[in-house]
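Undergrad: Chain residues, written in single-letter form:
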Amino acid sequence: AQSVAQPEDQVNVAEGNPLTVKCTYSVSGNPYLFWYVQYPNRGLQFLLKYITGDNLVKGSYGFEAEFNKSQTSFHLKKPSALVSDSALYFCAVRSLYGGATNKLIFGTGTLLAVQP
Amino acid sequence: GAGVSQSPRYKVAKRGQDVALRCDPISGHVSLFWYQQALGQGPEFLTYFQNEAQLDKSGLPSDRFFAERPEGSVSTLKIQRTQQEDSAVYLCASSLRTEGGTQYFGPGTRLLVL
Numbered sequence: 001a002q003s004v005a006q007p008e009d010q011v012n013v014a015e016g017n018p019l020t021v022k023c024t025y026s027v028s029g030n031p032y033l034f035w036y037v038q039y040p041n042r043g044l045q046f047l048l049k050y051i052t053g054d055n056l057v058k059g060s061y062g063f064e065a066e067f068n069k070s071q072t073s074f075h076l077k078k079p080s081a082l083v084s085d086s087a088l089y090f091c092a093v094r095s096l097y098g099g100a101t102n103k104l105i106f107g108t109g110t111l112l113a114v115q116p
Numbered sequence: 001g002a003g004v005s006q007s008p009r010y011k012v013a014k015r016g017q018d019v020a021l022r023c024d025p026i027s028g029h030v031s032l033f034w035y036q037q038a039l040g041q042g043p044e045f046l047t048y049f050q051n052e053a054q055l056d057k058s059g060l061p062s063d064r065f066f067a068e069r070p071e072g073s074v075s076t077l078k079i080q081r082t083q084q085e086d087s088a089v090y091l092c093a094s095s096l097r098t099e100g101g102t103q104y105f106g107p108g109t110r111l112l113v114l
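Just so you know, the protein sequences line up as chains E and F, in that order. The first sequence finishes on residue 116 if you use this note's numbering, and the numbering steps up by one all the way, no holes. The second sequence finishes on residue 114 if you use this note's numbering, and the numbering steps up by one all the way, no holes.
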């Protein structure tokens, strides 16, 4: 079965320090991987995706993610955290089953708290 | 440009009532998805449209849930005889492409069934 795991419910980091939000996946074949961010009472905002190519993907707001096939991971990173980065982050993988479906399978989310 | 919009943003329903949730996708987007997000959880897939065709409804939890997209643009998710367990945020997403395209989400409709 295809799945996504975000092992940390919450990540705490001081402003200015680097941050990492972890994600591992289980999928048959080549994965399409996504990161979204959700602010309170808002929908999900797209940050970045990996389809193919370079393992290091750069996205919005200074975020980047590294695809590691051997470790089946797609960790989200940022060199210097901002208080405004505090939000709920979701990792997702595109389902390869169901014919024409491109539905996303989401992790349970990681709450990022950046302290000033 | 305009993003995905959803209405209403909040809906309170009495148990047993029918509700209809609307989604306006980004203009020109072929694919449209509905997800259900329970409190403290990640979104879970409900159904998928490619233009007006509903190609996957495997995530609909019961036959009380029905979705349509008759003209390949606006979509409506209808829940009949609402139950308390239907309380959740319902998210709509659209994508320009049918294969691997980025899904852009609306703000969601928060449904509370009393």
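Keep in mind that the hints were calculated from the coordinates and are not lab data. We put the CB at the ideal spot given by N, CA and C, even for glycine. One or more hints might be untrue.
[What the hints assert, rightly or not] Not everything, but these chain E residues come out facing chain F in the computed CB check (under 7 Å): (1) Pro18; (2) Lys22; (3) Tyr39; (4) Pro40; (5) Leu44; (6) Phe46; (7) Lys58; (8) Ala87; (9) Phe106; (10) Thr108.
Undergrad: Does each hint fit the structure? Answer for all of them.
TA: Against the structure, the hints:
no.: 1; hint: Pro18; verdict: 25 Å, violated
no.: 2; hint: Lys22; verdict: 15 Å, violated
no.: 3; hint: Tyr39; verdict: 10 Å, violated
no.: 4; hint: Pro40; verdict: 11 Å, violated
no.: 5; hint: Leu44; verdict: 4 Å, holds
no.: 6; hint: Phe46; verdict: 6 Å, holds
no.: 7; hint: Lys58; verdict: 15 Å, violated
no.: 8; hint: Ala87; verdict: 14 Å, violated
no.: 9; hint: Phe106; verdict: 3 Å, holds
no.: 10; hint: Thr108; verdict: 5 Å, holds
When the structure is compared with the earlier hints, violations turn up for hints 1, 2, 3, 4, 7, 8 and for no others.
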